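Student: Chains as they are written, first to last, in the working numbering: chain E, 1 to 513; chain U, 1 to 167; chain V, 1 to 517; chain L, 1 to 627; chain P, 1 to 97.
None of these hints come from the bench; they were simulated from the model.
The model shown is predicted, which means the values in this text are computed figures rather than measured ones.
Glycine included, C-beta positions come from ideal geometry on N, C-alpha and C.
Mixed in with the good hints there might be a few duds.
[Said to hold, decoys possible] Here are the simulated lysine-lysine pairs, DSSO-like style, with alpha carbons at most 27 Å apart:
{"id": "1", "chain 1": "E", "residue 1": "Lys375", "chain 2": "L", "residue 2": "Lys30"}
{"id": "2", "chain 1": "U", "residue 1": "Lys164", "chain 2": "V", "residue 2": "Lys109"}
{"id": "3", "chain 1": "L", "residue 1": "Lys194", "chain 2": "L", "residue 2": "Lys75"}
{"id": "4", "chain 1": "U", "residue 1": "Lys23", "chain 2": "P", "residue 2": "Lys84"}
[Claimed, not checked] Pair by pair, the computed Cβ-Cβ distance ranges are:
{"id": "5", "chain 1": "E", "residue 1": "Ala18", "chain 2": "V", "residue 2": "Glu16", "range": "49 to 55 Å"}
{"id": "6", "chain 1": "L", "residue 1": "Phe567", "chain 2": "V", "residue 2": "Ile487", "range": "48 to 54 Å"}
{"id": "7", "chain 1": "E", "residue 1": "His495", "chain 2": "L", "residue 2": "Ala583", "range": "54 to 60 Å"}
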Amino acid sequence: MTFFIRYLLTILIFFPTASVLLLLLINKKNEGLLRNLSTFLALVEFILSLYLFVYFKPDTYKFQFVEKFNWIPSFGASYFLGIDGLSLFLILLTTLLTFISLLSSYKYIKENVKEFVILMLLLETFMIGTFAALDILLFYLFWEFMLIPMYFIIGMWGTGRRVYSAVKFVLYTLSGSLIMLFGFIYIFMMHYNQTGNFTFNLLRLYHTHIPEGLQILLFIALFLGFAVKIPLFPFHTWLPDAHTEAPTAGSVILAGVLLKFGVYGFFRFAIPLLPRASFAVAPYIILLGVIGILYGAFVSIVQKDLKRLVAFSSVSHMGFIILGLFAMSAISISGSIIQLLNHGITTGALFLFVGMLYERMHSRQIKDFGGVAKKAPILTTLFLISVLASVGLPGLNGFIGEFLILIGSFRYFPVYTIVATSGVIFAAVYLLWMFQRVMFHEITNPEIEKFEDMNLREIFTVLPLIILMFFIGFYPIPILDRIDPTVIHFLSMLHHYRNSNSIIKLKTGLSNV
Amino acid sequence: MEALFYIFSFIAIFSALMVISMKNPLTSALYLILCFFAFSGFYVMLDMQFLAVMQILVYAGAIMVLVVLVIMILNISKIKRVETDFHQKFIGILISLIIFVEIIFYIINGSQKKSTGIFTGAVIKKIGNTQIIGEFLFTKYTLSFEIASVLLFVAIIGAYIFAKKKF
Amino acid sequence: MYNNILPAVYGLNLIEKSMLSIIPEAVIILFAFLVLFLTFFEKLAKSKNPYYLSLIGIGFSILYVLMLSGRDLNGFYGSIVFNSFEVFLFTAILFSGLFAVLVSKDYMKNSNMPNPEYYSLILFGISSMMFLVSSNNLIMIFLNIEFMSITAYILTGYFKGNKRSTEAALKYFILGAFASAFLLFGAVFIYASTGHLNLYEIHTFLKNIAYGGLIKSGGGMGINIYLTAGLLLFLTGFAFKMSLFPFHSWTPDAYDGAPTPVTSFMATGIKLAAFAIFLRVYTLIYNFNIINFNGILWLLAVFSMTFGNIAALLSSNVKRLLAYSSIAQAGFILIGIIGGGFYGYSGTLFYLLAYIFMTAGAFTIVIIFENSDLISLDINKYSGLGYKYPFIAASMSFFLLSLAGIPMTSGFMGKFYVFSSAVKSGYNWLVIIALLNSAIAAYYYIKIIVKMYMPDKEMLNSSAVNSEGAFGIINGAVSDGLIITIIICLFFTLLMGIYPQIFINFANNSAASLWKI
Amino acid sequence: MDFKELITWLIPAFPLAGWFLWGLFGKYFKGISGYLASAFVGISFILSVILFIIVAYSHGFTDTLYPWIHAGIFKAGVTAVIDRLSIIMLVMVTGVSTLVHIYSIGYMQGDKGFSRYFSFLNLFVFSMIMLVISDNLLLLYVFWEAVGFCSYILIGFWYEKKSASDAGKKAFIVNRIGDFGFAVGIFLLFLTTKTLNYQAVFSMIPSIPAYTVTAIALLLFAGAVGKSAQFPLHVWLPDAMEGPTPVSALIHAATMVTAGVYMVARFHVIFSYSPAASEVVLIVGTFTAFFAAFIALTQFDIKRIVAYSTLSQLGYMFMAVGIGSYTAGIFHLISHAIFKGLLFLTAGSVMHGLSGELDLRKMGGLYKKMKTTAITFIIGGLALSGIPPFSGFFSKDAILADVYNKGFYFAWAVGEITALMTAFYIFRLIFLAFFSESKLDPKLHVHESPGIMTVPMIILALVALIIGFLGIPPFNDSIFYGFLHVDFQNAHIFDPIANNAPWYFLSLISVLMGLSGIYIAYILYIKKAVSPEKIKSMFKPVYLLSYNKVYIDEIYDFLIIKPLLAFFNFLWKVMDVKIIDGAVNGIASAFAGFSVKARKMQNGLLMSYILTLSVGVAALLFYYFVR
Amino acid sequence: MSNYLILATIIFTIGAAGVIIRKNLIVVFMSLELMFNSANLGFVAVSNALNLVSGDIFVIFVMVVAAAEAAVALGIAIAFYREKGTADIDEASELKN
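Using the sequences plus the hints, can you model the full thing?
Tutor: Shown next, in the form of structure tokens:
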């Protein structure tokens with residue numbers, strides 16, 4: 001057991017890979033077995049990941065479940081894993097959502113089942129690896145390769161302009177992350193020049209001394225990588241396409257986990273590595289985030305395609321998270337982290353529902369629906385709960401995150417916070433309007449008459465998410481307890497940079513370069 | 001010597017120009033042979049009689065005979081299209097001139113290494129240039145020599161493969 | 001008196017050392033002759049004997065390389081060297097040759113050319129590359145470059161009666177000879193300025209000048225200008241072989257017209273050898289001139305990457321696409337040389353090794369698709385192959401991802417290595433440009449993957465894929481040789497991507513010996 | 001957890017359990033769910049009464065169920081505060097809810113969403129209870145929104161009707177606009193006080209700069225404006241009548257809409273420290289009271305008339321809390337809850353009898369057919385008009401007297417005129433519906449509602465009759481004042497009593513106003529001495545203004561919604577697709593263009609290849625010169 | 001000696017110009033030979049001026065290479081002629097883009 005706990009992260013990372021090897025042996029035509037087995041394995045993985053939660057010590061900021069082995073001594077790269085409060089929950093989210101998306105795709109994925117389940121499990125490996133890696137090179141390895149399974153999932157099982165979307169997704173993200181790679185290499189070399197050691201150990205790189213002007217340039221480099229992933233306002237256009245055309249499972253993972261990596265990157269890398277620059281550019285990034293909140297909401301209002309609407313709503317939600325993160329107050333960062341989970345849960349659920357609607361109607365156009373509530377009360381109820389969670393209705397999870405973000409950010413960025421708060425109104429507008437048009441009214445489309453309510457599998461698919469929505473809404477303490485030390489430590493690393501007059505420093509910094 | 005140099009130079013440059021400007025490849029080939037003779041003249045002036053002989057034997061003798069033979073076999077003298085692509089010629093000559101000017105610039109501005117070798121004209125005359133070349137060829141450059149032989153062998157295979165009509 | 005000139009300093013056991021230093025090459029040449037010898041016996045020639053004989057030869061050579069590894073030899077009065085650098089490159093070249101032989105069997109059979117000459121030419125090519133890599137004087141360099149080139153010309157035009165093949169040979173030959181002439185003319189200037197042909201002697205001479213021994217060594221300031229001219233012209237020849245922009249123009253046409261195994265051989269072996277010898281010449285000579293050659297290389301690298309990637313974007317012929325990509329890859333490799341130093345050169349070598357495996361792998365798969373004669377080189381015909389040949393298509397995707405530099409592959413590690421070396425030396429913009437180029441490059445590599453896995457419905461119907469409906473591998477199109485090649489390439493591409501340390505050590509040793517003079 | 005704390009948490013627990021049960025297993029309960037739901041709420045009511053007694057004879061207390069959120073310095077728990085204010089509200093809420101539940105069993109009989117209805121109704125009761133008892137602003141805000149959600153879902157209960165679901169959505173969104181201000185207020189409050197707990201906040205308010213308090217108070221009031229449907233966010237309430245009538249009675253008359261008033265009263269410390277904010281509350285309240293009554297004058301939809309009267313009465317309450325007469329406000333809140341609930345229930349009964357008919361022009365003479373309904377309705381109407389001894393008289397009069405006594409004569413005058421208008425329109429309704437000659441569709445089978453509906457009406461009517469007596473003796477000597485005043489002791493009194501007019505003087509004026517309103521209605525609709533048509537044509541513009549609800553909806557639509565939608569479309573179709581994505585795709589196609597050019601270099605002609613190579617050589621050699 | 005180098009450069013450039021402007025395969029080949037020869041001249045002149053002989057050795061190897069190239073070149077020329085019926089190198093334009 002001690003062995004198991006000690007190497008739990010490695011086991012978690014490579015269990016899906018091992019599962020893939022097992023699945024490779026199964027005949028392609030045996031689709032039922034492939035589906036059941038892969039789902040079961042994903043469930044096992046999720047249960048394994050719960051051990052993380054159980055054995056996680058909530059009272060320390062130190063990285064836990066640390067594993068460290070030499071990997072590439074020449075670069076000072078090591079196989080260095082460890083989690084803190086943030087990665088703990090993101091890993092749990094990942095395992096849960098992977099399980100759920102596999103469960104959700106029983107009906108949606110009709111061909112090439114084997115490839116699909118293999119790619120999903122492979123993707124899981126990389127996602128968990130990315131969250132657990134504390135070595136920048138290892139992180140980058142996982143980070144970048146993650147694109148590939150996702151790319152296949154969108155491209156092979158997507159709809160409509162799936163190839164265009166898949167390629168756009170990959171190129172967009174790749175361009176960003178390559179620039180980010182430059183930033184990493186630069187910091188790595190900088191550390192070498194200062195100490196004479198090659199190391200990719202993140203905890204040691206934190207101590208690299210970087211002059212302010214340079215910090216800002218490097219921050220921009222890292223920013224591009226993370227901002228595309230989030231996606232922040234002007235870098236978002238891959239998202240509607242990718243989300244819209246991806247299969248349900250792809251959208252769930254994409255929205256639920258992949259978007260989190262940008263924020264995670266900021267939290268783990270960009271801000272602690274470049275604290276001065278972070279404070280200097282925070283107002284601008286928050287501006288982008290706030291623009292994203294409103295912009296995403298505004299554009300969502302006029303969408304005609306369900307999935308595209310949900311996709312744009314992600315832009316809006318991620319804006320909140322960025323606001324909370326860069327406001328750099330303990331409350332708002334806790335809120336951001338909670339909201340990261342919430343967004344994964346809620347938007348994941350929304351995509352699942354949209355997927356169910358699509359499976360039944362083969363359309364995602366809002367105008368093709370109407371009156372579904374009459375035929376499918378369970379679907380309506382659960383969908384409504386998810387919609388309301390996304391709207392940020394108190395008592396559900398979305399509220400906790402949004403509220404903490406806003407109340408925390410208000411101290412440092414009152415104007416932006418007020419503008420961001422108005423985003424809550426528009427969230428209600430687009431989501432409720434959409435819900436009304438899809439679910440309510442008289443049935444006009446004769447297809448709807450044949451509409452079936454959710455079956456047991458589908459209910460079980462979304463049930464964990466619905467439960468979580470209520471759970472986090474009413475009792476977020478178990479989560480907040482565990483992220484609190486992390487956040488406090490994060491801020492304590494930064495606190496002496498806060499009072500630098502950021503805007504002036506930014507100007508001088510740029511003119512020095 | 002000076003005069004001889006300029007005479008040979010004139011011949012070499014003139015015949016080289018003729019090589020590239022004659023319409024009939026056969027004429028070009030003949031001018032090329034003339035050019036090679038001029039070169040062998042230079043070699044004699046530079047105390048390398050052996051190379052002069054080799055120049056005549058290998059180039060003028062072997063290679064050019066081969067070339068002329070191919071020209072005759074293929075009857076290439078009849079050129080389908082007249083080469084009147086003025087545009088391309090102009091650019092080509094311009095580029096060559098630029099390269100020429102640039103290299104000349106390097107030559108004029110630079111200077112070669114001062115002589116440190118021991119094989120002065122007198123030494124070479126005393127030993128005989130053929131012997132020197134021979135000794136070097138079979139001691140220091142043995143490997144090169146062997147490789148050269150393999151190279152020629154491969155070239156023969158190549159010629160055979162290309163010229164063969166079918167496998 | 002001149003007897004003293006032939007230096008006795010090379011030691012007593014000159015012959016033994018000399019012979020020892022060329023054993024790997026000699027074995028290859030021996031087997032080349034043996035293979036050729038088979039032509040005399042029609043029965044032997046017709047069967048697969050030449051193929052197996054070549055494999056045996058390569059195997060022996062590898063064996064000898066392994067046996068000799070760790071030694072530090074130079075033979076034939078310093079005209080050839082053999083140390084860790086050579087061990088590394090010989091291994092790589094022999095792998096490249098091994099792949100060329102392995103993939104040829106069916107290809108040659110399918111194109112009705114089961115000839116022993118072919119295999120012997122490949123072997124001669126391998127030996128010329130090995131000689132080139134270990135060359136240590138200008139004569140050897142020139143001679144071996146020509147040797148290698150002539151072999152390549154012949155192999156390129158090996159398709160008798162195929163207009164494209166002959167045309168490719170013609171173009172390759174004229175351009176190659178033209179570039180060689182420049183190289184040769186450059187050698188004149190290097191010779192004029194230093195008076196030496198041996199690289200080490202030139203190196204020592206230049207070092208003396210650089211560190212003030214001007215008069216003693218008999219030089220003057222002007223020799224630097226001569227040297228510059230010589231090095232610039234010399235670079236032309238190398239750049240041609242490395243297919244750097246603007247000396248790249250032969251690459252797409254020659255790669256396209258040549259038989260695909262030969263293309264693979266050219267793309268891997270010749271490029272490798274050219275880079276290796278350039279690396280040696282560069283470290284020994286180029287670094288000591290008044291011109292900052294890094295500036296020139298910077299430009300060459302940037303132009304090569306950009307041109308190669310941009311030209312490949314819309315290419316629809318897989319071979320041409322890979323050719324353009326190889327131009328771009330050359331630009332990437334050059335970054336390591338620009339980055340310089342122990343770290344940079346080691347990175348370059350690492351990248352070269354990685355490049356061999358991924359390129360050979362990619363070309364092998366092109367050959368498989370070519371062998372199954374339903375499919376041409378047009379990438380549109382690749383539609384849906386992912387479903388029909390899952391293993392092969394997956395491997396192809398993997399190689400392409402590696403070429404694109406996606407992590408978990410050797411391509412990423414190589415890129416990372418050379419880029420970090422450039423950052424280390426302060427070439428930040430170069431790295432940024434290169435990274436942006438990688439992003440562009442990803443597009444066209446991914447384009448092929450798109451075709452294989454995400455075909456349009458109409459394209460799928462029109463292509464022949466559905467006609468059979470079966471999945472698996474076409475009979476006859478894939479033989480053991482091809483599969484072995486793919487597996488080796490996959491193995492190394494993956495291993496170098498996830499656990500590169502052993503290869504880095506190998507490259508480090510090899511790079512370290514560049515300074516062992 | 002001792003007895004009173006247990007009771008405290010049991011009160012919301014029953015409705016919450018009800019929500020789960022009917023929501024998840026409604027199918028299996030079928031018709032019983034209505035009775036069970038009523039029973040659950042009834043238990044809550046009984047518990048509330050017990051708690052009321054406990055509190056009345058001891059003192060208030062707070063209790064934390066569990067810590068809810070803590071992040072950094074932010075802490076909030078699920079905490080209840082039981083004091084006199086909240087316990088009065090509790091009793092009122094659970095009491096009215098119980099009656100409405102019982103009434104609903106009859107009203108909703110046979111609806112296929114029967115269980116769903118009760119499930120959400122229970123959820124509403126739960127949320128409302130929690131809203132009333134919550135001890136920090138965050139919890140308040142949570143249930144503030146939760147009741148809004150219940151209102152949304154119950155307005156849109158008949159979701160097939162587009163107007164119903166539209167109205168629900170409108171209610172939610174308009175409320176959100178108010179809540180936006182409320183939320184910002186909470187942020188500001190937290191920023192200045194570092195806590196959201198009531199007592200902690202209140203204790204710090206005196207030490208906070210006045211302008212900050214004003215800002216906080218105004219922002220919080222924005223939430224109240226939304227929730228209590230004051231001008232300019234009143235637009236959702238009339239539309240909310242699309243929902244089932246009991247819902248209107250419970251949520252949109254008796255309980256939820258009064259939450260705004262409750263909130264202001266609860267935060268009396270904040271408001272009383274900001275005279276400016278209180279002034280704004282008064283102005284908004286006064287204006288809304290008049291404005292809504294003005295619209296109600298000419299409407300023909302009975303539920304809408306009652307709805308506008310609700311707006312108007314809420315305006316009165318805000319007048320009261322605006323001048324610092326919190327007890328008067330709460331008193332009117334309670335009495336209004338009773339009689340307005342009654343009015344709605346009776347209106348529902350009329351609808352029930354007429355198979356959903358709401359138009360006054362198609363009614364008449366119902367008195368004979370639905371006696372119970374008519375009588376109870378008239379009781380409600382009299383209460384609304386402020387005719388003694390009905391409850392409305394006492395409560396409204398207390399407010400108007402306070403307004404007068406504190407010197408706001410203009411507001412007082414407006415209030416009196418509004419009282420006249422109120423009496424007029426409600427009796428216009430009564431006369432047209434119950435007394436004038438029948439204009440009913442003869443095919444319609446008009447019938448009195450079943451007992452299960454009439455009994456709650458009767459109970460409410462009785463309560464409306466008696467509850468006013470809590471308000472005697474008048475003014476600050478009343479029983480109600482004496483009971484509740486303890487909670488408002490901390491209020492900062494900024495308006496000294498200007499007058500001390502005798503109560504009978506003011507009451508007389510009010511009663512006269514009410515009676516004259518009834519009289520005018522009598523003349524117009526029973527006597528028909530003057531034709532309404534004639535008056536209509538005399539004041540055509542004013543009539544149109546009133547009839548069309550002052551065009552507020554149209555103005556919003558034209559000034560805000562349409563331009564915004566156009567802007568959003570612009571953002572999507574031009575900004576997103578054309579500019580941002582266009583730039584991305586433009587880069588891609590630019591590269592494609594470069595690619596075409598680059599491949600043109602590779603034109604297959606050896607000549608040009610050689611030329612490229614030579615140019616390369618020339619350039620390389622040139623490098624030396626530019627070095 | 002720089003005289004010789006200048007002369008060599010002149011011949012070299014003439015050869016280069018020939019390669020660039022001529023379209024007859026054989027003439028192009030002959031121009032290439034001119035270029036190689038000029039380099040030879042340079043080597044001989046340099047080794048003469050520096051009193052060395054290694055340059056002369058180089059010349060011999062260049063001659064070997066030239067011979068080998070001649071063999072291959074003429075083979076290619078014949079093959080090309082056979083396929084196209086001409087020695088015009090512009091005809092070699094099938095491989096492009």
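Student: With reference to the structure, classify each hint as holding or not holding.
Tutor: Verification of the hints:
1. E:Lys375 / L:Lys30: Given that 27 Å is the threshold and the Cα spacing comes to 19 Å, the pair holds.
2. U:Lys164 / V:Lys109: 19 Å, holds
3. L:Lys194 / L:Lys75: 9 Å, holds
4. U:Lys23 / P:Lys84: Holds, at about 20 Å.
5. E:Ala18 / V:Glu16: 49 to 55 Å: Holds - the Cβ-Cβ distance for Ala18 (chain E) and Glu16 (chain V), about 54 Å, lies within 49 to 55 Å.
6. L:Phe567 / V:Ile487: 48 to 54 Å: Check failed, 60 Å falls outside 48 to 54 Å.
7. E:His495 / L:Ala583: 54 to 60 Å: 39 Å, violated
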